[in-house]
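Produce the complete structure using the sequences and hints provided.
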Amino acid sequence: MRKLDLLISFIALILIIWTLFPVYNMIVTSLLTYDEVWRMPYFPPKLFFGAYLEVITQSYWRLTLFWTWLWNSLRIFFLVALLSLMVSSLFGYSISNKSSLSRRTKDILNTTSMLAYIFPSSLLSIPIYVLMFKYNLLDTDLGLVLALSMLTIPFNAWMAAQYFNEIPRELREASAIDGASTLTFFIRILLPISIPIIIALSVYSFMFAWNSFLYPVLLLSHESTYTLPLGMSTFLGADDSPWNIFMAASILYALPPVIIYYLFKQYLVSGLFRGAVKG
Amino acid sequence: MGEFEAIWLVTMGDPNASTRTITTLGFREIFAYGNLGKGIAMYFSVFPVVVAVMVSIIFILRRES
Numbered sequence: 001m002r003k004l005d006l007l008i009s010f011i012a013l014i015l016i017i018w019t020l021f022p023v024y025n026m027i028v029t030s031l032l033t034y035d036e037v038w039r040m041p042y043f044p045p046k047l048f049f050g051a052y053l054e055v056i057t058q059s060y061w062r063l064t065l066f067w068t069w070l071w072n073s074l075r076i077f078f079l080v081a082l083l084s085l086m087v088s089s090l091f092g093y094s095i096s097n098k099s100s101l102s103r104r105t106k107d108i109l110n111t112t113s114m115l116a117y118i119f120p121s122s123l124l125s126i127p128i129y130v131l132m133f134k135y136n137l138l139d140t141d142l143g144l145v146l147a148l149s150m151l152t153i154p155f156n157a158w159m160a161a162q163y164f165n166e167i168p169r170e171l172r173e174a175s176a177i178d179g180a181s182t183l184t185f186f187i188r189i190l191l192p193i194s195i196p197i198i199i200a201l202s203v204y205s206f207m208f209a210w211n212s213f214l215y216p217v218l219l220l221s222h223e224s225t226y227t228l229p230l231g232m233s234t235f236l237g238a239d240d241s242p243w244n245i246f247m248a249a250s251i252l253y254a255l256p257p258v259i260i261y262y263l264f265k266q267y268l269v270s271g272l273f274r275g276a277v278k279g
Numbered sequence: 001m002g003e004f005e006a007i008w009l010v011t012m013g014d015p016n017a018s019t020r021t022i023t024t025l026g027f028r029e030i031f032a033y034g035n036l037g038k039g040i041a042m043y044f045s046v047f048p049v050v051v052a053v054m055v056s057i058i059f060i061l062r063r064e065s
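Respectively, the protein sequence lines represent chains Z and F. Residue 1 is where the first sequence starts when you use our numbering, and the numbers rise one by one after that. Residue 1 is where the second sequence starts when you use our numbering, and the numbers rise one by one after that.
Warning: the hint list may mix true and false statements.
[Unchecked claim] Derived contacts from chain Z toward chain F, CB cut-off under 10 Å, selection only:
hint	residue
1	12
2	114
3	122
Because the hints were derived from the structure by calculation, they are not lab data. If you're wondering where the values come from, they're calculated on a predicted model, not measured in any experiment. Note that CB positions come from ideal geometry on N, CA and C, so glycine has one too.
Here it is in structure tokens:
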């Protein structure tokens, strides 16, 4: 039995190293000088923060818009989280057990949102591009926000519905006796007791948008509207490859999700599965 | 099947088209060669597979509930 434990932890260790090595390599490369990059050392000879400095002061010529791109990313992805939260919590309530829709309608809505989640999102990219072209939404915040939240809403709605199912029916009945309409009940009572799932869902959609590349690549074409990953991808076709600067920019881009994760960790880990029965 | 981003960023479907998938192929057809119809047809060619997967998932979910 003890041998088995050892074996399992050994395999887990290997998997962890396998997963974390690229991250480690990213950090090491970002601390090198330009001349050292192609020697590819496993440890930085000395800590050199010139690459970070060059990113932050935007002095490298491909990164003159770094802060604009970061601001674009933050703004657009915050809007995605907000919109998909608003739509998916309402949608999720309407397909949960306690809403007043008929069973058949709920069934259809539930299956549809499930299917929309399963459907490979990259196959939808061209139709969305054509639509956005038609309605003049290319290069605008609105276009990208609509496209990205369309991808996160199905899953979010499904998760929200699972959570709302746990909420006791008596709450709705008690509020109905006091004269609350469905919308009042939703805003004044259901949302406040669903804070954990709300935070979990908005973090989920924010992360999804943060990782997205295909939709920004399709929908944005002016350099000043780029999100940061898109801006950094212009590095890849370059003649010179300042990988240390690239990696420094990547690490700066990877920081906000880490910070958000640690801020909301308690909600993300425990909040998703806690029952909502209170009093 | 819908994998696009990693492939596009790492290899762009090369060397010698060995890492091309439907999505990268269609994307290239549309934005490099400008054949919108042809590219969409490529995307649409995997719909039978997608529909088959979806229908089977619906059946599995129905049986569970």
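Next item on the list: Grab the minimum C-beta distance from residue 114(Z) to chain F and call the hint holds if it beats 10 Å, violated otherwise.
Entry: holds (7 Å)
Check: Holds or violated: is there a CB of chain F closer than 10 Å to the CB of residue 122(Z)?
Finding: holds (4 Å)
Margin query: Quick check on the hint: residue 12(Z) CB to chain F CB, less than 10 Å?
Written below: violated (25 Å)
In this structure, only the earlier hint numbered 1 is contradicted, and the remaining ones agree with it.
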